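Undergrad: Protein chains in written order, with the numbering used here: chain A, 260 to 682; chain B, 21 to 182.
Just so you know, the hints here were simulated from the structure itself, not pulled from any lab data.
Model, not experiment: these values are computed from the prediction.
Ideal placement from N, C-alpha and C gives every residue a C-beta, glycine not left out.
Among these hints, one or two may not hold up.
Calculated pairs, BS3-like style, for lysine-lysine (alpha carbon to alpha carbon, straight line, at most 27 angstroms) [claimed, not checked]:
| hint | chain 1 | residue 1 | chain 2 | residue 2 |
| --- | --- | --- | --- | --- |
| 1 | B | Lys120 | A | Lys508 |
| 2 | A | Lys264 | B | Lys173 |
| 3 | A | Lys595 | B | Lys98 |
| 4 | B | Lys127 | A | Lys395 |
| 5 | B | Lys163 | A | Lys357 |
| 6 | B | Lys173 | B | Lys163 |
| 7 | B | Lys173 | A | Lys357 |
| 8 | A | Lys595 | B | Lys33 |
| 9 | A | Lys277 | B | Lys40 |
| 10 | B | Lys155 | A | Lys408 |
| 11 | B | Lys120 | A | Lys507 |
| 12 | B | Lys98 | A | Lys272 |
| 13 | A | Lys507 | B | Lys155 |
| 14 | B | Lys63 | A | Lys595 |
| 15 | A | Lys595 | B | Lys163 |
| 16 | A | Lys536 | B | Lys33 |
| 17 | B | Lys141 | A | Lys418 |
| 18 | A | Lys395 | B | Lys173 |
| 19 | A | Lys595 | B | Lys132 |
| 20 | A | Lys395 | B | Lys48 |
| 21 | B | Lys40 | A | Lys418 |
| 22 | B | Lys127 | A | Lys624 |
| 23 | A | Lys395 | B | Lys72 |
| 24 | B | Lys120 | A | Lys395 |
Listing some non-contacts, in silico: residues in chain A with all C-beta distances to chain B over 10 angstroms [what the hints assert, rightly or not]:
| hint | residue |
| --- | --- |
| 25 | Ala268 |
| 26 | Asp271 |
| 27 | Phe349 |
| 28 | Tyr386 |
| 29 | Arg423 |
| 30 | Ala455 |
Computed footprint of chain B on chain A; a stretch qualifies when at least three of its residues, placed anywhere within it, have a C-beta under 8 angstroms from a C-beta of chain B [unchecked claim]:
| hint | region |
| --- | --- |
| 31 | 481–489 |
| 32 | 618–624 |
Letter by letter, the chains look like this.
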Amino acid sequence: MGEMKLLLANVDKPDSEKLETFRAAGGYERLRKALFEMKPEEIVEEVKKSGLRGRGGAGFPTGIKWGFIPKTDEPKYLVCNADEGEPGTFKDRVIIEKDPHLLLEGIAISAYAIGAHEAFIYIRGEYEYGAQVLEKAVEEAEAAGIIGKNALGSGYDIKITVHRGAGAYVCGEETALLNSLEGRRGHPRIRPPFPASKGLYQHPTIINNVETLASVPFIVDKGGDWYASLGTEKSKGTKLFSISGHVKKPGVYELVLGTPFEELLYDIAGGIREGHKLKAVIPGGSSTPMLRAEEIAGVLLDYESLQAAGSMLGSGAVIVMDDSTCIVKAVYRMAKFYEHESCGQCTPCREGTRWIVQILTRIMKGQGRMEDLDVLLDISEIMGGNCLCPLGDAALGPLVSGIKKFRDEFEYHIKHGTCPVGG
Amino acid sequence: MRVVIDRSFVSDKTWERIEKVMSRYPEKRSALLQVLHIVQDEKGSLDFEAIKFIAKLFRLPPAEVYSVASFYTMYNLKPVGKYLIQVCTNISCLINEAEKIVEHIEKKLGIKVGETTPDGKFTLITVECLGSCGKAPAMMINKDYYENLTPEKVDQILDSLS
């Protein structure tokens, strides 16, 4: 357990984004191995064995997802989800900006594994620098004959296109992303059909997160069993954690899954800033329920442990809040985010997120009523599980946990019209 | 129906970028978001003339193009200043005092969030998470990121822009 650098092995090298730096470290040899020594189904099998799970937040087993691709002759597509927008998350950005060829190698291997000749990287529009780094990397790799027509002389064609989003959190949801990639409003689609059978242009499509795809070369190199030897029984491999907020050393760290939460918080990220005490953490991005300081004791950073603790691993975005934080204000700010990002397509989310913000605004202004807290919890019950996509549920993570765990702070705001911590 | 496209609406360089991106996708319409970006790069914002021009390229009704453009926050459907200041106020920036940065810029430029300075140089808006949470508070000016902001650092940055 603890820190281990697979995905981050190259990022601190000078010129880490250049092809020659990547090749000097053995880059694209895993792609060569995949194309010349392995059948696509063997790669899928290794990825299944590895236990790799989607690193964007949902944690769905990658190999199983790939297995849903039908064995037909129609065109198939691979889409890399680089629409990193979950508040608190900045891990994919490191790979994109510092080791773009690792991502391209992962994409090329994965495209071959699922039988796709065309892949797209959907990168959030704000990451313009990252998009330029990726475009340059694609040009370099194409010019060197590594990707493009007849990749590495294997006879297999792999075209990779960088596609910029334009500022819509919901496009990180895979079916909204597909609509956006087709040049439409980013409205999530009704499922089924799932993208693996009818995705981009109604053809079979796999959508995987940046970190997920960047993990694939290591599985091809050292085998699924080796990867599965890292981590816990059900949470395998390494994971990037973006830690932000009131810690001394915020940043992106790669940990073996199952590392103690307190090791990340106190040893690796340096602990809480001087003169303050830990109040709460949001362990997996703003959509995941917050935990009180005492709730992280003994908790491990893996999918199961965080679920048992009442939250989620999510995207691995740990937001640390010390005793200077007003929880009501934090919850209000996150509620405004979900209201802004709701696509408006389905009613529980569109109306629910708006009512939540209106009521929280009232509380923030000192005009709250005690019954507002139960009204907010009622709204969350109506929204929960009743929206087309996960955004509606995501909006409830901070709200419900905030009210349940810091109800006294909400009540203080309502009773006194002011904030107990001066937020 | 024959559609006449007036290429002179954009510069030769922009036209080249448009042609390149429109040939990259299996279906042309996929390039729509990219073309909206490219035209905005040249014009600064997307007015109705720009929307009509793009609609013709894709053989779509202008209303359809407008509907797509209006879904995404990065397309400026109204004119903005030469420098669009976008300060993140989401959770990690909020708890690292992003509000003080916003207030400082408001005071320095004499405008409120959502407004443009009378000389058309600066527009100030607040935005959602930029993915700079480890270096909060952060902002973007046009397409460039500025991180670990303090009021003094903001002064230096804004004073350096001509």
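Undergrad: Hints first: check each against the structure and report whether it holds.
TA: Do the hints match the structure? See the list:
1. B/Lys120 <-> A/Lys508: Given that 27 angstroms is the threshold and the Cα spacing comes to 22 angstroms, the pair holds.
2. A/Lys264 <-> B/Lys173: violated (33 angstroms)
3. A/Lys595 <-> B/Lys98: holds (23 angstroms)
4. B/Lys127 <-> A/Lys395: Not satisfied, since the Cα-Cα distance of roughly 40 angstroms exceeds 27 angstroms.
5. B/Lys163 <-> A/Lys357: OK: B/Lys163 and A/Lys357 at ~19 angstroms, within 27 angstroms.
6. B/Lys173 <-> B/Lys163: Since the Cα atoms of B/Lys173 and B/Lys163 sit roughly 18 angstroms apart, the hinted pair holds (cutoff 27 angstroms).
7. B/Lys173 <-> A/Lys357: Holds - the C-alpha atoms of A/Lys357 and B/Lys173 are around 25 angstroms apart, at most 27 angstroms.
8. A/Lys595 <-> B/Lys33: Answer violated: A/Lys595 to B/Lys33 is near 40 angstroms, above 27 angstroms.
9. A/Lys277 <-> B/Lys40: holds (24 angstroms)
10. B/Lys155 <-> A/Lys408: It is violated: about 40 angstroms lies between the C-alpha atoms, which goes past 27 angstroms.
11. B/Lys120 <-> A/Lys507: Satisfied, since the Cα-Cα distance of roughly 20 angstroms is no more than 27 angstroms.
12. B/Lys98 <-> A/Lys272: Judged against 27 angstroms, a Cα distance of about 43 angstroms means the pair is violated.
13. A/Lys507 <-> B/Lys155: The hint holds at about 11 angstroms.
14. B/Lys63 <-> A/Lys595: Not OK: B/Lys63 and A/Lys595 at ~31 angstroms, beyond 27 angstroms, violated.
15. A/Lys595 <-> B/Lys163: OK: A/Lys595 and B/Lys163 at ~24 angstroms, within 27 angstroms.
16. A/Lys536 <-> B/Lys33: violated (55 angstroms)
17. B/Lys141 <-> A/Lys418: violated (41 angstroms)
18. A/Lys395 <-> B/Lys173: At roughly 31 angstroms apart (the allowed maximum being 27 angstroms), B/Lys173 and A/Lys395 break the hint.
19. A/Lys595 <-> B/Lys132: holds (19 angstroms)
20. A/Lys395 <-> B/Lys48: holds (23 angstroms)
21. B/Lys40 <-> A/Lys418: Cα-Cα ~15 angstroms, so holds.
22. B/Lys127 <-> A/Lys624: Holds. B/Lys127 to A/Lys624 sits at ~23 angstroms (cutoff 27 angstroms).
23. A/Lys395 <-> B/Lys72: violated (32 angstroms)
24. B/Lys120 <-> A/Lys395: violated (37 angstroms)
25. Ala268: Since the minimum Cβ distance to chain B is about 19 angstroms, A/Ala268 lies beyond 10 angstroms and the statement holds.
26. Asp271: holds (15 angstroms)
27. Phe349: A/Phe349 not clear of chain B: closest Cβ-Cβ about 4 angstroms, inside 10 angstroms.
28. Tyr386: violated (7 angstroms)
29. Arg423: violated (6 angstroms)
30. Ala455: Non-interface label stands for A/Ala455: nearest chain B Cβ at 18 angstroms, farther than 10 angstroms.
31. 481–489: violated (count 0)
32. 618–624: Coverage by chain B is violated here, the residue count being 0 at a Cβ distance below 8 angstroms.
The structure fails to meet hints 2, 4, 8, 10, 12, 14, 16, 17, 18, 23, 24, 27, 28, 29, 31 and 32 from the earlier list, while all remaining hints are met.
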